[in-house]
Each structure stands twice: as C-alpha cells, then as structure tokens.
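Peer 1: The primary structure of each chain is shown beneath.
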Amino acid sequence: MNPKLTRRRFIKGVIASGAAATSTTIWYSANGQSRPAGAVERMIRININGQMRNVDVAPQETLASTLRYKLGLTGTKLGCNRGECGACTVLVDDVPSYACSVLTHSVKNMRIESVEGLESANGDLHPVQQAFVDELSPQCGYCTPGQVMSAVGLLRSNPNPTREEARQGMAGNICRCGSYDSYLNGVMRAAQIG
Amino acid sequence: MAYMHIGKDFVPPDVPGKVTGRIKYAEDYARDGMVYARLLTSPVPHGRVVAIDASEALAMEGVFGILTADDVYPDGEPQSPGLKVLTNEPTLMGEPILAVAAIDEKTAEDAIAAISLTIERLPFVLDPLDSLQEGGADAYNGGNTYIFREGFAEEKWTADQVASFRSGNEPTAEALQSWEYGDLAAGFAAADFVHETTFSTAGYPHMSMEPRSAMAYWENGKCYLHGTSQSLSAIAEPMAAIVGVPLEDFVFINEATGGGFGQRARAGSIPSMAIPAKLSQKINRPVMMRVTREEEFTIGGARQGLQGWIKVGFKTDGTMSAMDMYCISDNGGKGGGGDANSAAAGVSALYQTEAMRFRNTSIGTNTGHRGAQRGPGENQIMAVMAPIMDKAAEELGLDRLEIRKLNAAQNGDVSGPRSTPFTSAYMPEALQQGADQFDWEGKKSRARQTNGSKVRGFGIGQGYHNAGRSGMDGIVRLMPSGRLQIHNGVGNLGTYSYASTSRAAAEVLKMEWENCDVVTGRTDRHLPITSPQDGSNSIFTNTRTCFGAAQDLLAKMKEIAAMDLGGDVADYDVDGVRVHQIADNTVGMTYAEVAQRGIELGGKFSGEAELPEELNTLTALSVSRLAGSALMGIYHDPRHSNNPPGFTVTFMEIELDKETGKFDILDLVTIAECGTVVHPQGLANQLRGGAVWGIGLSALERHLYDPQNGLPASSGFWQSKIPTYLDTPAEIGTGWVDLPDPENPVGARGIGEPSMGAVSAALNAAISDALGGHMFDAAPVTTDMIVNHIAGISEDATPLAQNNFRG
Ligand code: FES
Ligand code: FES
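The listed protein sequences correspond, in order, to chains W and P. Residue numbering for the first sequence follows this note's numbering, starting at 1 and increasing by one per position. Residue numbering for the second sequence follows this note's numbering, starting at 195 and increasing by one per position.
For reference, chain P alone in the conformation it holds in the complex:
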C-alpha cells in the first residue's frame, strides 16, 4: 500500500534539540528558590531502622527539612514487594532511607553526615539457592518470596534438593508457578535427540544514561514534577497517587528521557520521583534531587537472573517435540519480574514447541531491585537456546538454518499456554531474508576454520516479544489555523515512537507533516492515556489510537461539510487541505474553516458531548480541558485478543582468539519481522541498539556482589559492564520483512525488545560454534570462561554460579 508518511523517514521534532543540547531533561530545569535534596541510603543489604536522630542536622544553617518513610507512609509501609519511596526496612544496600533538603548539595551532604542512624543488621542473602536451602537467610521481612494476593512467604528446599539441583539435576521440589500444554511424555517419547542441562543467566542493572533525577514544586495547590518516564500519560495517575495529590492537581513534565529499557515504564519502578515532590510540599520550596550513578545502580532496576534446568526433545526431522523448563528466578531485593514466564512463552512462540511444561519459583536476594528489562526473559533464554538448536541440528544431520525454519512461527500458528493465535507471523521469510543478506550459504563452510590462535564461529539467533496492546485512547485536534494537533503521551526516550505513531493520524487526514504538531512533553498539555511504552508495543498500540482518533475527526469533518454544503457524508473526501465533494472538488471547505465550524457547532464536534464511553480517566480529564478549543477526534481503542509478535533474526560471524578468549564480530546482520515498517531510521536504530544490548547480555553484563558484606561491586558503567564502541562492530547490517499485520490499521507491530534477543542468541551460538560446539549454558559467556574452557578448567564445579557472583 502506498502511504504518505508510513514507511518514510522524517526528522522527529526533538532531534535538533538533542544535537544542540537544547532539549531539557529533568535535571536541566531550575526554579527560583530551588533547594537540593540528598539521600541517606542503607549501609547494609538488609536491615531495620531502629532510630533516626536528625536534630543536629536540622539545626544546621542552610538545612530546610527532612523526609523520612514515616512522613511518606504515616500508616506504615505497605507490606508488598516493590520499591518504596523511602523505607525503614531496607532489603538492598543503598536503598533510600531519608532525604534532606538544603541550600546546596554540600550542605545537604554535611547534614546527612550529622544524622545518627541506628540500624539493626539482618541476615542477607545473594543467591536464591542459598535462601531456598533450609536455614538459609530470607531477603525480605516475612519470607523469601511473595505470593500474589497472599503476601510474603517462606519457601525452603532440603539441603539434598538444593545440592541435587546444583549438581545439574532436575529440581524435585514443587514449583510455586507452573503451566503446561500438550502431552509432554509423548513429546519426549517421540524425540530422537534430547538435551538436558542446567543453565544460568546473570542479572544486571539497566544503567540508563540519565540518572533518575527529579525536581518538583507546588503552585496554587498543584504539584509540578519534572521527571523521567517511558510514558507521560501512563505515569501520571499512579504517580499522582504516590505523591498523594488528585490527578487534576498533578502536572508531570518530561520532555525527554535519557533511557528507560523497562524501568521507567511504570510509576512503581520510579517512586523516587515522589521524594522531591513530598519534600517540596513539606518545606514549601522547589526541590531538586540529583541522583548519582551509584544511586541509579541501586534504585534503577535490574534484569532478573535465572538459574534453571531444561530438557528439550527433537524428532528426527528436527521438530521440537517437547520442552520442560524449571527456573529459579532471582527476584532481587524488592521482588518483581516475570522473566521466567516470558522466557517459556518466548520459547513456545519462537520454536512452536509441540508440548511444553513450565515451572518457576521466584526467590528474593538482597541485590538490586528487579523488574522488566528489555526483553525480560525471552532475551536470556534465547541465548541459552541457540546453541541447543545447533547441537540438535548437528546430531540430526540438519542445516542450522533449516532446523530453525522447520520450527518457525507462521501465519495461523499459536503459542503459549493458552494457544493464543498470532495476529500474523512471517518467521520463515525473516530467516531466509537474513540468510540471503548475510550470505549464509556462501559463508557457512568457514565455520570453525582456524588461523593461528583464531577460530571462526557462526551463529543464527532468533528473537521474540509480544509486541502490541489495545485499550488505550487517542486525541487529535483540528485547529482554526488548519493545523493538526496530535496529542501523544508516549514518552520521548529515543524510540521516536511518540512522533512516528502520530504520523498515522496525518496519514488518515492526508496532511503534510509540516502542518502537524505532536503535543507532548507535559501532562498539562492534555494527553490521552497511552500504554507505558514497555513491551515493544508502542508502534502497534499507538498507531491504532492515533489512526482511530483521526478517523473520528475525519468523519466529523465530512459530517460538517455535508451539513453546510449539502449532500451526503459519503459524497465527501479530504485532500490534506480541504474537505470536498468527490464529484466536484470545488465544493468544499478548508481544514481551517471546518475546524472553526466544529467549534461553533460545539457538542460532539468540539469534544463537549458524545464522548466514547470507555475513555480512561486521564483521557477524559484531558478532553474536558480541551473541549471547545477545536474540532476534535477522540477514540477509545477496543481490546483485541490475538498476539501481535515482534520477531527478529540475526546472522553473525565471529573470530575468537583461543589464547585470550576475546572475540571480534566480523559480520552481523539483523532482520526485523514487525509488520509494515513505520519509520525506517527509527527501526534501524532499534535493531542496532538491540544488537549492542544483545552483545552485552551474551558477553559482558552482570551483577557482582561481595559475598562477605553484600556490597555491590558493579555500580559503574565499566564494572557492570555495558558495551562500548569497541565491544561492538563498527557496522551492523539491518533489514526488514515489511509485510503488513491485519490487526493494525497501518499494518505495524513493535520490535524494540526482540532486536536484542536475536543478537544475544546468535552470539552465544557463534561462541559455541567457535569452540567446537561446547555449550556453556549460560549468559554472559565471558573471556575468562572461554579461556578456562580452552585450558581444560571445568566450569562444572559451579554450573549455576553466574547469578550475581562470577567475578
């Protein structure tokens, strides 16, 4: 289909501000009379605050006030997992206990140094298996796990059960969570090749480049909060609730966000923004809270680490007939994260496993708080699975590409425990396109070729994430000036989805992009609810809402034209400037004229009546404030049931030096299967960025904690360690299948997360290939692991030690 905007590059309106430094992040704002907050954080990984004596601090010149957990939670802290704004019951080192506001940060620091904190040390634990074992410490007060709707609980295995799992056997304890489909026993009985192993994948911090600094002030009873988020409108209502102010008195300002990756999607993952808001309310001055890199490490979220056992069966023809997975998920210090479940669902979606069982037990540790991080679960497990697919291919005498095609998801396929159908799926096409672009046939014979100490390895990876939602709202306004204002609450964190999804509205109205404004950046610009811009869903979800709102506007434009100029609504069309009769285009009105008429007519035309019934609270508030200002298009997107997938495929060639364990990526091609492409440059950026993240997952990134004291040892960029220019290839090949999805009005689906999973999978497979098929069953595979393997030093003594420790 020929589009005006969809599939075309454009300059998103915020890009000039990014290259000039003019665009403002939360910490770039200042306010007259602004004072500064600093945090006193937990010096222990698990403790209980017994007493706080701040009298000396509060008497210091230049100190304005203090905020403690007792101020925030006068009725006591909620006994549920998740970060608190401030806490008296820290369960990870560095968790904020109190904040002090002072004339400057030095004074605030001096005041904090003068506070006497009495804290009772409690036993801490860093490895879920240590906590599972009878007598092991519990990370939380009240247990080591959290059962939904029941509360904290204690889950223990016998020492024998833990030891058996540690030595590579299937766990025998009953799991806290499970699902199953198909006939697992029959699936394994039909298998000609079965692979069984334990595996581990490391947790590691998000490390967004912008620390989650925030500034707040109050004016005329309203709270203005400059903060950071993945979606302004998804944050607004829950954040207002955390601050304790009615939604209508809360203004969230967030022009740009310096990275999110899952941990700025929801208010519960950034409750620290409430600290300056509440301090400001208490001391009646604007408060800036600058967050340091260490603090960002602590409260900025982390990927869950997984330790698990899997057994996979393949039939002679290469079909994956059965998959059994049992995970112990590291829930970190604050609980949360559904990585294991997503990992299992991802395997089901990508490999179309005929029968599957999933079991999981989530256990807390006194380490960084866990939550969604780019492709949570799917991206770890794909790194583990890719070498297994290669092993199966080798054992069954199949080409590595062919075994993947054989198991690939296609149109009409279903996945997961509920056999949910895909909205569409073209994985075989993606695999073939990647193979062609990479020249798999021409190159694959070079696998395992050596040159001195160097050896070539090839990997094919696949990625998946459920990539689309519904139930959100859209607002567009045609102004008396003739310009289109597209209200969009998607956060500006670098995907450019806030702008690219808005173009679906311009498309409907055939308007030049120069005549459109994306209205965003602060909630008092009246935004509709959007999804939290997590789960790779913005492109699918918000093209639906922008398209729907524009269609509502289009219908109203035609109705007004027919009313004023005669004829039937169906007699009219638009050309981007005028609404006119199809038969005689001299009969019509300009967009400016029809907008003016909409205001004059009022009622449903200007958002004052006949609103969609199911509008979300925030949207309804926004519409009520915009009513009468323009000819308005308002839309509530009904819920749909199928699964819009984001699929990716990566082909990679590496050269691994057996003397150093270091490798270079010689070629990397990554292909997206995400429906119609909306914004090619933005998509290429997601593919490249995802590739960098995939390299991090499979080769570099991990949490490190000191087992003696629970001290985090990887709180900096270079310790954790995120990939740099020199860890990544100088060029990353990209491509896309570009076939439309029928459940999106412009055919689009999302891609941000799977872009990473395919690369993590390809890299792990390539390393395994270079080492003659050795499987580490782990991510990351670091140079020391490679060198140890080559030296014949077995990793088997500590097969599950990846999680938090391997140093």
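Excised from the complex, chain W in its bound form:
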C-alpha cells in the first residue's frame, strides 16, 4: 500500500498545515474587494497542469476555489467543501489532496494537477480515464474527477497495486452512487494498460 495516500496521513497533513477549511459558508470572494489583512502577496504564479498561471488569490482562498472560480477548471468538484468526500481531489506534487481543504497560497511553489491536465496533447485519454470508460466506472459522475485523480496518484506511487491496496488507496473518495467496485475494476485495468 502506498503510505503517502492514506486518509489519516492526509488529514494529519491538513491539520499540520493549518489549512483545513472549517467553515462551509464562505466559499469564494469573487472580485477581491475584501482586502487581505497583512502583507500577503495576492498576485501569485502557480503551476497548474504544467502551465504557470498568474492568478489573484485571496489569503483565505482554497485551491478548489482558485481552480474552479478563478481558472475555470470546473472539473474539480465540490461535494462537501469540508474534507469529507474527496470529490475535489487534485494532485499536489503527485500526492492526492483535497483541494477544498488546501489554501492556494500554501501550494504556490508546488505542482498542481487537476483532471483537466490528464489527457495527452493529441487528446488521448489518460490510461485511468480510458479504463474508467471501458469499465463504465462512473454513475452520476460527480465524484469521478476525484476518483480519477486518486487513482492516478495511487498508480504513480504503486503501479501494480493489489485490489486490496487499490481499495485502501482510494478510500478517501466517497461515491454516493456506490460505484466503488466499478472504480476498482477501472483502477486494476488501468494498472494493466498503464
């Protein structure tokens, strides 16, 4: 099993960084009218899907907000906005992370990958995406981008997981449709073709 990917380790990391979003009510300040207290540089450059992007980020802004509402990368979903469901999972330096619970400023020097960055330049799906299509892993699809990113992260650190390792590695992603078995079929297929 990939020690990087356990839910516990992730939660510990979030707590240690002080980045957990505890309020579900304040999602996003659209136009930056509320001035930051202190001297935090708001205009930052972040590495998203291999591109350096300039973006105006409020101090309290989560990575999910930046991706969705500043950069238009709406593939990253919000199911709970409080670190419970994994719908918002992106890779931060290859580690699956809940984008709703990470402050953008805390990852500005790291590599962020969202679901939009997985396809190859010629439009081919990533092996995980293709395997999820072949296995019809998604149902409603709302958790799917998060499941895809967790699977990509898992397979990067453990390219040939057992089904049980895959189950543990994916355990931070809830699927209300209950498509777990179909996602695991997809992960195992992706490991074969990847």
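Just so you know, the hints here were simulated from the structure itself, not pulled from any lab data. Just so you know, not all the hints are guaranteed correct.
Stated by the list, open to error - Result set (SDA-like, lysine to any residue): computed pairs, CA atoms no more than 25 Å apart in a straight line: (1) Lys856(P) with Glu165(W); (2) Lys70(W) with Gly329(P); (3) Lys218(P) with Val92(W); (4) Lys648(P) with Glu164(W); (5) Lys648(P) with Glu165(W); (6) Lys915(P) with Ala171(W); (7) Lys202(P) with Arg189(W); (8) Lys638(P) with Asn478(P); (9) Lys218(P) with Gly72(W); (10) Lys915(P) with Thr854(P); (11) Lys70(W) with Arg45(W); (12) Lys218(P) with Gly123(W); (13) Lys70(W) with Glu303(P).
Got chain W; can you put chain P with the ligands on it based on the hints?
Peer 2: Using the frame of chain W, we list chain P with the ligands on its own:
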C-alpha cells in the same frame, strides 16, 4: 431474440465528459454579471417568523436584493405539506427563510449576518410516538399529520396506548390508513409458526454527492434555469409553475445530475431551484445559488423512519399464510412519503402472502423532510423480514432457500390489495441462479462456524419494486443527413437510462449507434415527457416510448417509399441505411432521402398534422417547435394495467467479530430478475450501487438529532454515515435471469431500487445468523447494538428507539 443493441454494452455519450471533468453540472456554469445568493435558514426546529429587518443588509455595498416567502407567496404560503421555496413557518432546522443576492458569497453572508430575524419558537418533536401521545408537541402548524384532501389534523393516542406499543404490543388505536385482503383470521389459524414483534427502521438523508445548487437568468422574457433533476421533462412544467412562468418561456438546463435517489424526481422535492430564478427576475441579473452540504442535508430529503408491529404466520410447509402490519411512519418536517404502504405491498409481492392486513399512521416530526428514497419502504421492510424468514425456516425444519422459493412470485401471480397481476415474474429462477453462483449448497454448512472471536453468518435477501409505467411520449427524428435524433427527457443521473432506452429506437430502425444522437440536456432541445425516472421505471417506460416513436417513424418511411417507388407499404423493409423493397432491395431510398421527402411532404410526416391525440403538454410543445425539421416519429404510450416487477436476490457470507461487533462481507452475489437485459454494464452498476446502499441501510445510515434542541447531528457524509470503499466488499458478484417481459417491446423491466433491498435483507439475515438467530428487528444494526447484545445488554428497554435517536 437476437438484438443489435439491446443487451450489448456501449459507451454512453456522457461518459468521456465524466472522466475528463468536461461535463457540466449546474454549479459549473457561469454567466456575465452573475451574482451570488446565500440563504438565511431557520435557527430553530419549529418556529414562526415574526419580523425580518433587512434594511442594514440591503444598504450594504455589493448587495443587490433579497427574496422572502412574502415575495414567493404574495397570497400566503400554501397550507399543504411539502417543501416551500422559502417559508415564514419553518418546521425543521435549516429550512430556508430568505435569500440575499450580492456581488460575492462573502458579501451575501455578511449581509445575512446583518439581518435582524425575529422568530417565535414553537414546541418541536423528534419522535412520532412523542407527538402521538396526548399532550405531545405537533410538528406542523395545525396538527401532526396531513389527511389527503382534508388538510392538517391532529392525531393523538392515550398515554397507555403509546406505552403499550412502546413495550412491544400491537397498537390498539385506529390507524389513519389501512387495506386488507384475504381472510386474516383463517390465515393465522392455519399457521404453525407465528412470529410477532415490534420493529424500527431509521430515517436517513439522501446525501446526493452534488448539492442542489442552481443558477438562473432571464433573457427576452424567458427564464433559463441551470439545475438538477432525475428527469428534465418531468420537472419542466411543474418547475415553470413554481417559478411562475409559462412553460413556453421556461428553459431547464441539466446536462448531468450528481445523484438523485428519489429526491430530484419531482419539482416539489427541489423547489429551492426557484430561489435563484425568482431572485434573478427581481434584481435583473444572473444569480448563482451554491448549496452547502449542510443545506443539502436539510432540504435534500430523507428516507422515512418506520416504527411498527408485525405478526407473520407460516403453515407447516413454509407457506406464508398471514401477515399483519401496523406502522407509525415518520413524516419528518414537511410531510410526505408512502414508505409504509410500499413496504406492505412489497411483502405481498415478494412472499405472496395469502392474507394480509396493513395499517399505518403517518406522524410529523421536526426532522429532515421525507420523501421517496431508493426503494422507499420495500427496502427497509425486507431487512426486517429476512431474519424472520430464516427463523420460520428453522422452526419448520426447512432450508432457508427452500422457504423462499416456496413463497416466491411466479408468472401468473398477483400481489397487493388489488390483486394486481405481474406482467411476468421469475423469482424461483432468480433464487436458484443466485444459489448456484454463490454455491449455497457448498457453503451453507459453514454458517455459525467460529474462528477465535469471529463467526460466520449467511444471509439470503430478496428485493422488489414495481418497475414500470406508461402514459409517456416519444419523439424521434430522421434528419436529412440520415442521422437519427432520439429526443429523451430522462435525466442523466448515472443510470445511463437516457441513452440505453434510446437504443430501442435504433433497434427498430436497425441503425448503427454511431448514426444516432440522443437529444437531451436542456428542454429547449424539445423533449417529450418522460416519467420522473423514479420508481425504477425508466427502462420499462422509456424503451416503450422510444420503441413506439421509432415504429411510427418506420411506418412513415415505408409509406413514403411506397408512395414514391410503387408497391405496398408491406413490400418494404429497412436495413439501417435504406428503406427498400423486400423482393428487390435495389429499389429503395436512403434514410437521408426519405427524411428529405418527409420534410417536403409535410403534414403528418414532419410533425405538422395528425399527431397522437393524448400527447402530454410538454411533448405537444416540443413537437410544435420541431415540426417541419425532419421526418418525425411521434408516439403516445397507452396506459397498461399490470405490474412490471423488478426482483433481486442476494446471497451473502459475512465474518462477524464478536469482540468488536464489526463484520466483513466475505462474499456477495446479487442477481437481477428484470426481464431482458438492455445494458449489461449499466445493470451491473445498478446492482453494485444498490448493494452499497443496502449495506448502508442495514449497518450504517441514520438520522441523529439532539433531543434537547432539535439540532441535526448527522449533516455530514461521515456522520449520517454513507458507506465508503472500506465498508463495502472489494468485489460484488452480479448476474441476471434475462427472461423477456411480454409487456415491454424489448422485454425489459427496471431494477434500480430492488438492487438495494435484497442486499439490505441478506445483510440483516447474515448478522442474525452469525449471532445464532438473534433478531434485532431493526435497521440499521450497528456495531454498538451487536456488542451490547453479545454483552447481554438488552436492547429491549428501547425497542423503537432507532428512529432519529440511537446515538
Ligand atoms: S469537497 Fe473536498 S473533500 Fe469534499
Ligand atoms: S458516481 Fe455518483 S457519486 Fe460517485
């Protein structure tokens, strides 16, 4: 029968968009000038708004407006159960009272914080039995129950009556609802084994993964609403009415829905979508309303909790001769839900009970609003019934499989108070197939074997839901390009029924799927009415409409060919590309040519005349807007009377740790009996997803409320608590009987809901088996209940406490 498409896997057109994140849910849209709405919700479980002072909030920079219940209901709020758009009379904590629109959500939140709300607290109640008791609080203004066509009413029992029921006796008060068939007394007299008990099943929230966010704007007098639903076309007309706009000026946009499970089937269960629509109209800007997880918990619906009493009789041979059921249904804060009735009908269908009486009284509580949730009623009661079937088998010296086969529904059987015949039924076949796939004969001797603190338990479960409707419409268009456009209003919520039912049309016209387009996603693409994609009915209902529309198109194609090329209509056939003479296939027209001719001929060929008389309003509007654009097939599906069942069977083996109360599911095989299989991968997904839900029902999920203040304590995924990867087996075996149903043109019936019931039943039975036959008569059976039982701590002191409280 050999089909081109039916029974074959395919890639539904939305799947690539789901794995790439490209497909858009309501909250993924943005619009120039869009502002944001936030809600002020009820801080009390039951109250009355006395005054709202928003002057300070409205004076704040960046605040654009407010919407209150007075705006929505200028003539007063309807005095009926069900969620309101906004309310001044909240009957559950968190119910929306008003909405504020501002430049961003932070400003909207700040504005809400500046609003002075004066609210009168009213007495609240969390347990229907507390409300039933004389002097108990009523959840609603005007009573604790709602009588159809009469209004709110107060139903009270004496303290003795409530106490007697609480201590396990048959309720003595007259029920508000009842039905009966057969000779109940004779049925019990003929019984050699009778089991009588009280039972309780918990209510719990739907918790769809996508919160019901919505965005709306108005353009040229038309309202455009991006929202969420189980069926675009079933939502459209009632939602337009809630927004207060004529249907022809309402566009509902809903490419994908992040889960429904019953609470996005009808406009009345998602009236909150009208908030951005009405705010947008008021302030003349696009309005986005993002709904939080807590808000989704509150307004997102919940399963009804049941507290009840049952008495079941079995003859020596194992036949279920009599069943008496009395339920107190928890109607929650907004009324609604028919779980108890469905539970009773489900028992009748699954076990073919010879005589039956059903009684129910529905009582409100100031908890989450209730309504249909995946297999409402049937799936709870099957979890209660399965251990009883096992107990009867044990007492009568029968195999657990045999007693189920003996009582199983077969072709020609009837069920329910009206003795409604099944369209077809193959439950014995499903049971045998499951037994073979699971190796029941080989494994059953391992039951109750121990290994240290661990013990094996086996369970067989059965599920049922009425799974098919009629009375809907179909529209298909053959385009001058030769492509087939199949208009389908079934929502895209993960069943893929919108696409798989469309394939019935391709089947009729023998067309390659690559040459077909499913037209859906927004109502201004002109959709026919479909059923609300609830009640597991889409596969049955919408294959009928798509098939019928394609047959109408086929007849028109042949008529045009005969007209232009000579001969009789009966002389023609199609091959997927051309309509041609059967005797000489060189004489014919391409699909593109016949489509072009249809447009030229006009009239009935292009949807301009001779339409089916009974077309629904939405379909008629859609046809009028499509008329002249193609050669059209239009169909109204006549009503049919029999009951198309969806049946499932599950076999399960668990290993339960008596020290911790935790169990692992070692093997799970679940079999569908749903007629001809239309889409194997989609069916497997429904079976697996249903299995996960069944595990949730029988082991995990429940509402928790703080009895002191009525605060919801399970508003998050992990508190309520929905199953995760680690709560469910890493592999779920699936299979299907695959015998055609005669009342569907491709032989198909639905399955989404019963897929859950069989698993909830099997799991409860397996837990009971592992504990030597102990019956909790409850769902869920949580680890603390198991550990308490093993420790000899009786649950009997509070046998009905499952409902909303057990913490
Ligand atoms: S949205 Fe981030 S964990 Fe749920
Ligand atoms: S596919 Fe619907 S939540 Fe996972």
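Peer 1: With reference to the structure, classify each hint as holding or not holding.
Peer 2: Hints, one by one, checked against the model:
1. Lys856(P) with Glu165(W): 21 Å, holds
2. Lys70(W) with Gly329(P): At roughly 56 Å apart (the allowed maximum being 25 Å), Gly329(P) and Lys70(W) break the hint.
3. Lys218(P) with Val92(W): This hinted pair holds, its Cα atoms lying about 24 Å apart.
4. Lys648(P) with Glu164(W): The hint holds at about 21 Å.
5. Lys648(P) with Glu165(W): OK: Lys648(P) and Glu165(W) at ~23 Å, within 25 Å.
6. Lys915(P) with Ala171(W): This hinted pair holds, its Cα atoms lying about 14 Å apart.
7. Lys202(P) with Arg189(W): With Cα atoms ~20 Å apart, Lys202(P) and Arg189(W) stay inside 25 Å; holds.
8. Lys638(P) with Asn478(P): 67 Å, violated
9. Lys218(P) with Gly72(W): 12 Å, holds
10. Lys915(P) with Thr854(P): 18 Å, holds
11. Lys70(W) with Arg45(W): 13 Å, holds
12. Lys218(P) with Gly123(W): The hint holds at about 19 Å.
13. Lys70(W) with Glu303(P): Holds, because 20 Å separates the two Cα atoms, which is no more than 25 Å.
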